[in-house]
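Number of protein chains: 2
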Amino acid sequence: MNTTTAPSTRTQVKRSANRGSHDPAVLHAIIDAAWVCHTAFTDEHGVHCIPMACWRLGDYLYIHGSNGSRMVRRLQEQDCCVTITHVDGLVLARSAFNHSMNYRSAVIYGRFETVDEAGKRPALEAFMEHLAPGRQGEVRPGNDKEYAATTVLRIALAEAACKTRSGPPEDDEEDLHLPAWAGVLPLREARGAPVADAGCGIAAPAYVQRWQD
Amino acid sequence: MNTTTAPSTRTQVKRSANRGSHDPAVLHAIIDAAWVCHTAFTDEHGVHCIPMACWRLGDYLYIHGSNGSRMVRRLQEQDCCVTITHVDGLVLARSAFNHSMNYRSAVIYGRFETVDEAGKRPALEAFMEHLAPGRQGEVRPGNDKEYAATTVLRIALAEAACKTRSGPPEDDEEDLHLPAWAGVLPLREARGAPVADAGCGIAAPAYVQRWQD
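Residue numbers (our numbering), protein chains in the order written: chain A, 2 to 214; chain B, 2 to 214.
Honestly, the hints are just simulated from the structure, not real lab data.
Take the hints with a grain of salt, since some may be wrong.
The list treats identical chains as interchangeable, and a pair is accepted whether it falls inside one copy or across any two copies.
[Stated by the list, open to error] Here are the simulated BS3-like pairs of lysine-lysine, each with C-alpha atoms no more than 30 Å apart in a straight line:
| no. | residue 1 | residue 2 |
| --- | --- | --- |
| 1 | Lys146 | Lys15 |
| 2 | Lys15 | Lys121 |
| 3 | Lys121 | Lys146 |
The shape of chain A in the complex, shown without the other chains (with noise of 0.2 Å):
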């Protein structure tokens, strides 16, 4: 376990704690590597768990949203706990319980600010960058009723923890002679070949054509 950031109550992993981490390296990895976190706040119906669109700027996470949703509201008022996780592979054990998989998650806790107008700009751009690098001087850019629809929140990186799990299966000793299969089934996120849009004449940038996988 490498802690360079000291836990909190709620971020001191209990269980498989030697799967715990608070190194902000694996913790931006992790972000970097997503498209979208799951967001848990709640309200008078009770709690809500919704996934957004997210990119990282230096020690924070952002999201955005439009301005009249119930869930941006509620963001900017309580506490959230943010969850990003990666599933890397089935783990099949010798033994029905040694089951696993691998993954790498993050949970962090804490209060979403409001980004200010004038921060709005290149946050949003960082976005882009994060879904298409380069891409950002060859569409239209916002307009000033655009940009004043949309709210941009970020959390601090501040709170937070990641487990991971990687490698073969652990199987309990007396198990090891089964005659079961045991390894590990690789997951991992794919790129296909982009679709251009109908009626789309120009020719593909770099981005596009190096995105299949």
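Since the structure of chain A is already known, use the hints to place chain B on it.
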């Protein structure tokens, strides 16, 4: 919008309502394509959002955990929100603010119920079948001690909503002439080459041989 289950206050889709669905078939497909869900609940420290392995059996979503875990105890006592999200692609429009993502998401509200001792075995066998069809008969089954230490919870798929987006970007009419490439950059989950455990001399069964795509 294909509504076969009447939405509740919590499951009425308000933002981009044309993307909403209450069709059980859509919900089932989103759950069946998932390895994990994000489960939001509260305790005295606030709201939490924790990734959990999940599977479906009929009209219930199942999770399991250690008897002693704080989360298992809290989920038995209160309503929660369970969310699954699949990101299917980045949608590149000709203007910055019309960029979007293609996705399939499901949000389920309600309270988990504890599966009784008689129900645990078939529930966990269904989980194994979800992970690796046919594997159940090959591994050492759980013993009484392992079953006794594990809680299986299920939540009815009665109060749920799905939201999906697919297809090309939706540009404003006046942006269609702009010289920016527009289209979709697809994302999907890919399955890599199985990695046998060191010391595993067992021939790969069919579900391992077929894994890689």
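*Okay, which hints does this one fail, numbers in order?*
Result: no hint breaks.
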